[in-house]
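Residue numbers (this note's numbering), protein chains in the order written: chain D, 1 to 84; chain Y, 85 to 232.
A few of these clues could be false.
Below are the PhoX-like pairs computed for lysine-lysine, each with C-alpha atoms no more than 20 Å apart in a straight line [to be verified]:
hint: 1; chain 1: Y; residue 1: K207; chain 2: D; residue 2: K40
hint: 2; chain 1: Y; residue 1: K207; chain 2: D; residue 2: K39
hint: 3; chain 1: Y; residue 1: K207; chain 2: D; residue 2: K64
hint: 4; chain 1: D; residue 1: K71; chain 2: Y; residue 2: K185
hint: 5; chain 1: Y; residue 1: K174; chain 2: D; residue 2: K40
hint: 6; chain 1: D; residue 1: K71; chain 2: Y; residue 2: K207
hint: 7; chain 1: D; residue 1: K40; chain 2: D; residue 2: K64
hint: 8; chain 1: Y; residue 1: K173; chain 2: D; residue 2: K32
Read the hints as simulated data drawn from the structure, not as lab findings.
From a predicted model like this one, the values you see are computed outputs, not experimental measurements.
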Amino acid sequence: RPPPSSPPLSTMQSPADSMRHELAFYSDLFGKMTNQCFKKCVSRYHEGDLNTGETVCVDRCVSKYLDATNKIGEIIQKSAEPPQ
Amino acid sequence: RHSARSPVPNCVVQPALHPTRDRLLAKKPDFSPAMSMFGAMGGAGGMSQADQQQMMALMQEMQVQETLRSYNGLVERCFADCVESFVTKKLTNKETDCISKCADKFSKFAMRVGQRFGEHQQKMQEEAMRAAGSGGAPPAGMMPGMPR
Numbered sequence: 001r002p003p004p005s006s007p008p009l010s011t012m013q014s015p016a017d018s019m020r021h022e023l024a025f026y027s028d029l030f031g032k033m034t035n036q037c038f039k040k041c042v043s044r045y046h047e048g049d050l051n052t053g054e055t056v057c058v059d060r061c062v063s064k065y066l067d068a069t070n071k072i073g074e075i076i077q078k079s080a081e082p083p084q
Numbered sequence: 085r086h087s088a089r090s091p092v093p094n095c096v097v098q099p100a101l102h103p104t105r106d107r108l109l110a111k112k113p114d115f116s117p118a119m120s121m122f123g124a125m126g127g128a129g130g131m132s133q134a135d136q137q138q139m140m141a142l143m144q145e146m147q148v149q150e151t152l153r154s155y156n157g158l159v160e161r162c163f164a165d166c167v168e169s170f171v172t173k174k175l176t177n178k179e180t181d182c183i184s185k186c187a188d189k190f191s192k193f194a195m196r197v198g199q200r201f202g203e204h205q206q207k208m209q210e211e212a213m214r215a216a217g218s219g220g221a222p223p224a225g226m227m228p229g230m231p232r
C-alpha cells in the first residue's frame, strides 16, 4: 500500500532536517508526557521514592499517553489525505 | 519600614555566579532522565559521517537544553507545591523537606517515564521491521506524515 500522497509534513526534507524535527518532537512529547503523568499520578510528597501505586500508575500512564499520540497521529494523517 | 528596593540588581549577574547550573552543565549528559529517551531513539541508517556527527552534536545540544529546562521546571513545580507563606525570608524546615522529597520524587518519576518510553519505541521499531520483512505495510509512525 503506497504511503499517503500529501502528508501534512512533507517527506521531501533532507535527512538532517527530518532528524532535527524528530528530535524536537520526541523531546517535547517526553516533557509533556512526564508533566501530565506526574500531575495525574502523584499527589503527595511523603517520601522521596515512588510508592507502588505511583509506579503502576506511571507505567500505565506512559502506555496510554503513547497510545493517544499514535491515535491522534493517525487521525491527523488521515485528514491530510486528499479525498478518495 | 524599609526603603523600596529594585527587585532586579543593578549589575548584570555573571553566568559563573550560578553554581548549580554550571555544575549541571559540566556534568556528563548521561545522568539526565531525558537521556534514557534520547538513548532509545537509536541510530538512523544511511546517513553520511558528516550528517551523523551533526546529529550527535545536535543531540548533545538538545540534552543540555533539556537538562537546564527541566531544572527550572522542577524548581517551579516544587516551589508551587511546597511554598505557601512568606512570613520569613528563609525556607522553613517543613518547606525544605517538602522540596527535597518533591525533587527526588520527580527525578525518579521522569527517569521511569524515560525507561518506559524507550521500551515502547524499541517495540515499535521491532514491529516496523517485522512488518517490513513480511512485505506488509509499515505501521504509521507517531509523527503524522513521517512513516517509519
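A quick look at each hint next to the structure:
1. Y:K207 / D:K40: It is violated: about 25 Å lies between the C-alpha atoms, which goes past 20 Å.
2. Y:K207 / D:K39: violated (26 Å)
3. Y:K207 / D:K64: Holds, at about 15 Å.
4. D:K71 / Y:K185: violated (35 Å)
5. Y:K174 / D:K40: violated (31 Å)
6. D:K71 / Y:K207: holds (17 Å)
7. D:K40 / D:K64: Holds. K40 (chain D) to K64 (chain D) sits at ~12 Å (cutoff 20 Å).
8. Y:K173 / D:K32: Violated - the C-alpha atoms of K32 (chain D) and K173 (chain Y) are around 33 Å apart, more than 20 Å.
Checked against the numbered hints listed earlier, the structure breaks hints 1, 2, 4, 5 and 8; every other hint is satisfied.
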